[in-house]
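Engineer: Sequences are here, hints too, so could you generate the full structure?
Protein chains: 2
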Amino acid sequence: MDATATAAPAALDTLCVNTIRTLSMDGVQRANSGHPGTPMALAPLGHRIFTRHLKHDPADPAWADRDRFVLSCGHASMLLYSLLHLSGYGVSLDDLRNFRQLHSPTAGHPELGELPGVEYTTGPLGQGVSAAVGMALAERVLADRFNRGGATVIDHRTWVIASDGDLMEGVAQESASLAAHLGLGKLVVFWDDNRITIDGTTEVSFTEDVAARYAAYGWQVLHIEDVDDLEAIDAAIAEARTDEARPTLVVTRTHIGIGSPRQDTPQAHGEPLGAENVRLTKQAYGWPEDSDFLVPDEVREAYASVAERGAEAGAAWDEQMARLRAAEPELAAELQRRMSGTMPDGWADDLVATQFEDAGPAATRQSSGQAINLVAPRLPELIGGSADLAGSNLTTIKDGGDITAADASGRNLHFGIREHAMGAIINGITAHGGLRAFGGTFLIFSDYLRPAIRLAALSKLPSIFVFTHDSVYLGEDGPTHQPIEQLASLRAMPNLLVLRPAEANETLAAWKLALEQTDRPVALALTRQKLAPFHYGGDSRLEGSSVERGAYVLREATGGTPELVLIATGSEVHTALDAATRLEEDGTPTRVVSMPCQELFVEQPREWREAVLPPTVRARVAVEAAATFGWERFVGDAGEVVGIDRFGISAPGEEAATALGISVDGVVSAAHRTLATVHGEAR
Amino acid sequence: MDATATAAPAALDTLCVNTIRTLSMDGVQRANSGHPGTPMALAPLGHRIFTRHLKHDPADPAWADRDRFVLSCGHASMLLYSLLHLSGYGVSLDDLRNFRQLHSPTAGHPELGELPGVEYTTGPLGQGVSAAVGMALAERVLADRFNRGGATVIDHRTWVIASDGDLMEGVAQESASLAAHLGLGKLVVFWDDNRITIDGTTEVSFTEDVAARYAAYGWQVLHIEDVDDLEAIDAAIAEARTDEARPTLVVTRTHIGIGSPRQDTPQAHGEPLGAENVRLTKQAYGWPEDSDFLVPDEVREAYASVAERGAEAGAAWDEQMARLRAAEPELAAELQRRMSGTMPDGWADDLVATQFEDAGPAATRQSSGQAINLVAPRLPELIGGSADLAGSNLTTIKDGGDITAADASGRNLHFGIREHAMGAIINGITAHGGLRAFGGTFLIFSDYLRPAIRLAALSKLPSIFVFTHDSVYLGEDGPTHQPIEQLASLRAMPNLLVLRPAEANETLAAWKLALEQTDRPVALALTRQKLAPFHYGGDSRLEGSSVERGAYVLREATGGTPELVLIATGSEVHTALDAATRLEEDGTPTRVVSMPCQELFVEQPREWREAVLPPTVRARVAVEAAATFGWERFVGDAGEVVGIDRFGISAPGEEAATALGISVDGVVSAAHRTLATVHGEAR
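The listed protein sequences correspond, in order, to chains V and H. When you line the first sequence up against the numbering used here, it's residues 1 to 683, in that order. When you line the second sequence up against the numbering used here, it's residues 1 to 683, in that order.
Worth double-checking, as some hints may not be accurate.
Where chains are identical, the list cannot tell them apart; a pair therefore holds if satisfied intra-copy or between any two copies.
[Unchecked claim] Derived lysine to aspartate or glutamate pairs resembling EDC-like cross-links, with alpha carbons at most 20 Å apart:
#  : residue 1 : residue 2
1  : 460       : 645
2  : 530       : 578
3  : 460       : 599
4  : 530       : 271
5  : 55        : 308
6  : 460       : 114
7  : 530       : 654
8  : 512       : 603
9  : 55        : 243
10 : 460       : 548
11 : 460       : 516
Rather than coming from a laboratory, the hints here were simulated on the basis of the structure.
Structural biologist: Right, dumping it as structure tokens:
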């Protein structure tokens with residue numbers, strides 16, 4: 001058998017490459033679904049990276065100083081799964097055989113958390129290459145802090161394989177510009193230049209000079225003329241390593257579906273080759289035609305070197321850590337704490353201790369800025385910034401300094417007017433570990449980064465998004481800037497917490513909760529306008545607010561037995577309080593419920609939910625200066641929702657809100673309607 | 001008074017420019033809100049474009065062959081409003097005085113439809129410059145069709161002023177690449193290179209070589225070193241006109257807040273200058289310090305030339321139209337029909353006549369492709385395409401040909417993997433008039449173009465979005481590709497119709513409805529998997545389906561008096577039908593309601609709504625393979641929703657759906673629960 005004959009080094013590499021190619025073909029063929037052509041094309045690159053250049057240890061996939069490898073073209077997942085299998089990660093041949101099947105970790109696209117060695121969830125194009133910018137940034141920030149005492153404990157690269165589609169996507173263009181701006185010289189992106197898209201050749205839609213574009217951003221641009229030339233791969237990588245001031249794009253010429261009858265055609269992209277084509281391709285490779293998921297022994301032996309290299313690298317790192325521990329024991333402990341995702345003792349003490357009994361009105365964006373700055377001194381891993389709205393989002397860590405190309409010791413990031421890249425980069429920083437990151441913009445522009453928010457939610461990444469100017473109360477900027485449906489559309493997303501605090505106390509509690517999350521992102525919705533703080537009267541703000549339970553009784557009805565419940569979030573809790581005063585004056589015992597987080601409330605045990613919203617009280621009004629969509633679940637059939645089911649209006653905030661029906665009068669009228677409904681039913 | 005002294009030509013221009021500057025300052029100051037610095041900086045450019053270069057006729061702002069002017073940096077709205085006022089559009093001085101006030105058309109950001117002369121809603125950065133690509137594309141397509149018989153009836157340019165932020169946004173980068181690819185040589189973008197962002201100088205986040213980037217896309221790049229040099233503006237525009245094969249970027253150096261104490265600072269961007277600074281600035285301009293909204297007579301006289309130029313241009317066009325009318329009367333009539341937004345007689349005949357009584361199962365994406373091709377021959381203004389998924393979205397107009405740089409006679413667009421630009425470009429084509437445009441991608445990637453969908457909804461543009469692969473039934477591609485919350489989040493958006501047809505008949509009706517819209521966009525959600533057609537048994541498919549009423553009784557309960565109503569959309573209508581069969585076998589008279597469009601159903605008169613969902617039948621189950629969010633409004637307190645409130649799973653479609661609870665069993669169980677609830681209450 002040709003394929004498994006004892007091989008000279010070059011022949012052995014060919015054997016390895018063809019193993020990856022045939023595993024990928026077989027996986028897709030068996031699933032009868034998937035993308036064979038790209039794994040086949042990229043097999044030499046993946047092989048060379050994993051066996052020669054990637055610093056990784058399959059025995060310790062969470063190793064802090066490992067290189068990160070991101071397959072941004074996630075549809076080529078069989079490439080990654082094959083490499084992980086061969087390299088000794090916890091991916092079995094059976095996992096490969098079960099590619100894309102129910103409950104198999106080898107999902108259609110790689111999913112973070114499903115398999116060791118998968119560094120990021122990819123598939124939605126542009127996301128991986130952008131998150132990689134966050135990973136490379138995290139490396140720089142951590143290296144700056146922890147490489148002390150003669151020890152080099154953080155020194156790794158971020159490798160990306162990206163498709164045409166990745167480079168066409170806006171998010172990737174935003175993040176590429178920022179990567180160069182920040183001088184992320186340890187980021188290397190291989191562009192799979194196969195000149196084929198789903199709709200045909202790239203001539204159909206993609207004729208720009210990609211290399212010149214990346215040079216314009218400030219990247220080093222290198223070329224591999226033929227991906228099958230393994231020495232050329234090595235040479236490009238060696239060259240990439242020489243420039244640590246600029247990220248590197250390696251234009252890598254490949255041939256999709258190489259060796260198959262469908263080579264260089266769009267048909268090789270997204271469908272199985274078919275049994276006959278698989279056979280012919282294996283024939284062309286000199287591979288046993290009827291083999292299935294064949295891994296020759298020589299290939300297994302060759303890949304054993306990955307574990308050896310990994311063990312050596314791990315041992316070298318242990319030495320560096322020992323050096324750091326000797327020179328800077330606290331720093332060494334901090335690094336280990338941070339990489340484990342553990343919060344430092346007392347991190348929230350200043351947040352918890354802060355009282356607002358005597359404070360004046362403050363916008364919740366101001367309270368958010370206060371929260372950030374109360375936490376920042378005790379939580380050194382916290383970094384963040386804004387998409388050019390720092391002064392409006394109030395996201396700046398005071399005296400934190402900026403993170404720039406020249407200096408990574410700061411804590412404030414300037415994302416520019418690149419909301420989508422911000423989202424992906426925040427996710428990448430979070431996925432990297434060792435840091436907690438937040439990013440701010442106006443709530444309306446959450447739409448711009450929505451795919452990144454979704455990826456955080458899907459990947460269980462506790463990214464924090466700070467969305468200010470959260471309603472029509474922002475005023476004159478008008479309907480282009482006034483969020484209406486954003487709250488509902490974020491709430492519809494699984495595994496995302498949407499927190500809309502009503503004033504200072506709730507805002508601090510919301511930030512505490514946001515930072516406590518380990519497996520889901522948080523979106524904070526914060527006001528532009530000032531709001532008076534609540535006076536709970538208890539010992540503790542946090543006990544008073546119960547933000548962590550999603551909703552709580554803020555003001556009980558006179559007499560303790562409500563006939564009516566008003567439910568509100570954010571600034572409209574104040575509207576509800578004023579309406580309750582009026583309604584009580586008119587003789588209706590009215591409870592006011594503050595509901596900063598629908599998702600958390602829904603998660604509570606029935607006892608809590610029914611204690612807050614008693615099933616017997618069917619007269620309910622929800623009020624929120626936003627789309628009413630989704631509020632029925634809390635007010636029920638007899639209830640009313642006071643909201644805004646149209647676009648906003650350009651006018652001073654109060655006038656705009658009143659014109660759109662958000663007012664004490666509006667809530668009182670709705671209350672009368674729901675009371676009439678309930679009384680009518682009772683008759 | 002210096003300012004109003006009789007002026008030599010250059011001095012007169014200065015007077016005009018300072019009028020725009022002071023109107024802008026005064027407008028922002030009076031509103032005590034807005035962005036003064038950019039209108040001040042760009043006043044010379046706006047002045048020169050509006051008085052010398054823009055082909056427009058304020059007396060006929062809807063003129064088909066006018067140049068389009070898009071102020072992509074919509075926050076500089078006072079520049080546009082001032083120019084419209086001076087040029088004789090229907091913008092009064094009082095409108096300027098009421099800038100950003102309730103019910104004033106001079107909204108914080110320009111809104112399409114609010115004022116004549118506003119060509120696009122701008123403010124969300126990157127949208128205007130991308131929609132302008134659509135406008136320039138529409139011009140090429142229309143010119144190709146209508147410049148016949150020796151007549152040139154379509155020959156206009158698209159002018160854009162864009163900010164740093166516009167050029168940083170991913171959507172603008174995507175659309176810039178496509179603009180060059182399509183050779184849109186009549187598109188001219190002035191980049192307001194003021195080197196200031198909100199967070200500081202552009203050095204903070206934007207250090208790329210923008211000119212080189214645009215050159216890499218394939219743009220002509222020109223420079224204006226000083227925007228106050230009016231001859232340099234003229235020269236750049238003359239140069240731009242010489243190259244009709246490439247779009248042009250004009251790097252225009254400006255000084256934000258010029259002449260004010262805040263010149264060249266971020267403070268000049270987004271807040272009023274303050275009364276004292278306004279005074280000092282007017283002093284620096286040689287302007288009466290205490291003037292307010294002053295328009296010198298000479299300026300009024302100078303701007304009278306705009307109307308004269310407009311009338312001349314209009315007369316010249318009338319001649320061309322007369323020539324076309326003589327040579328090609330039907331074409332002339334078609335142009336006028338199309339620009340008026342009127343559909344041709346009989347456009348839907350083939351759609352209406354198509355019957356599926358004997359057809360086999362088809363995915364609704366297939367039926368959608370059929371609808372497009374049934375309509376296309378009768379609706380020449382219909383063009384569209386896909387973001388590199390034409391073969392999956394089935395958006396191709398057969399024999400329509402491609403629209404390319406070399407040939408604009410085709411009907412199919414290839415957007416590349418640029419979903420966001422696709423959305424903005426579809427909007428721009430639609431805003432231009434004379435064409436109806438659609439764009440396709442997977443439903444999951446609706447997230448990528450969400451800001452563009454919103455802008456269509458806000459601007460009342462009937463853009464059509466074709467979203468296929470609309471649920472977990474797409475199968476193996478897994479959670480990164482399986483939409484969950486997308487339907488809910490689109491439904492939460494005001495003024496958008498979300499149509500999820502259940503099979504072939506409904507799909508054709510949905511397309512008819514989509515094309516009938518004049519003031520709102522439509523999102524079609526279509527299946528990957530095949531579904532059997534309904535057999536209504538009536539004369540007409542369209543009468544049978546009642547898609548236009550949002551929901552209808554698809555199958556009545558045995559005996560005509562339902563105890564239970566099942567409500568479903570799309571593929572899950574079939575699940576509901578199967579469940580109804582089971583439930584009826586078990587003795588529960590069950591009605592099945594197909595609800596392809598929640599929004600249209602909610603708009604119906606109460607009689608229809610209660611005829612479909614009788615208030616007396618409180619046992620209701622909604623089933624949709626998507627987030628349950630928002631369904632409570634239809635099922636009520638006693639009802640149940642069968643949906644998916646988690647992310648999807650990679651497996652063959654049926655297996656994935658079943659594992660996630662979407663099945664006949666799931667619906668039957670939910671039916672038993674709601675029946676138990678209702679019976680329990682009745683006891």
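Engineer: Treating 20 Å as the Cα threshold, decide for residue 460 and residue 114: within, between, both or neither.
Structural biologist: within (11 Å within a copy, 43 Å between copies)
Engineer: Is it within a copy, between copies, both, or neither that the alpha carbon of residue 460 lies no farther than 20 Å from that of residue 645?
Structural biologist: For residue 460 and residue 645, the Cα distance is within 20 Å only across copies (15 Å; inside one copy 32 Å).
Engineer: State whether the alpha carbon distance between residue 530 and residue 578 is at most 20 Å within one copy, between copies, both, or neither.
Structural biologist: within (16 Å within a copy, 54 Å between copies)
Engineer: Please sort residue 460 with residue 548 into within, between, both or neither, judging by C-alpha distance up to 20 Å.
Structural biologist: within (19 Å within a copy, 40 Å between copies)
Engineer: Cα distance capped at 20 Å. Does residue 512 pair with residue 603 within a copy, between copies, both, or neither?
Structural biologist: within (18 Å within a copy, 43 Å between copies)
Engineer: Can you give me the call for residue 460 and residue 599, within, between, both or neither, at a CA distance of at most 20 Å?
Structural biologist: For residue 460 and residue 599, the Cα distance is within 20 Å only inside one copy (15 Å; across copies 33 Å).
Engineer: Given a CA cutoff of 20 Å, do residue 530 and residue 271 count as a within-copy pair, a between-copy pair, both, or neither?
Structural biologist: This pair counts as between: shortest inter-copy Cα distance 18 Å, intra-copy 56 Å.
Engineer: With identical chains, the pair residue 55 and residue 308 could be close in the same copy or across copies; at 20 Å between alpha carbons, which is it: within, between, both, or neither?
Structural biologist: Within one copy, since 11 Å is at most 20 Å while 72 Å is not.
Engineer: How do residue 460 and residue 516 come out at 20 Å by Cα distance, when the copy is not named: within, between, both, or neither?
Structural biologist: within (13 Å within a copy, 43 Å between copies)
Engineer: Up to 20 Å between alpha-carbons, please classify residue 55 paired with residue 243: within, between, both or neither.
Structural biologist: within (18 Å within a copy, 51 Å between copies)
Engineer: For residue 530 and residue 654, with the copy left unspecified, which applies at a CA distance of at most 20 Å: within, between, both, or neither?
Structural biologist: For residue 530 and residue 654, only the intra-copy Cα distance (12 Å) is at most 20 Å; the inter-copy one is 51 Å.
Hint check: no violations occur; every hint is consistent with the structure.
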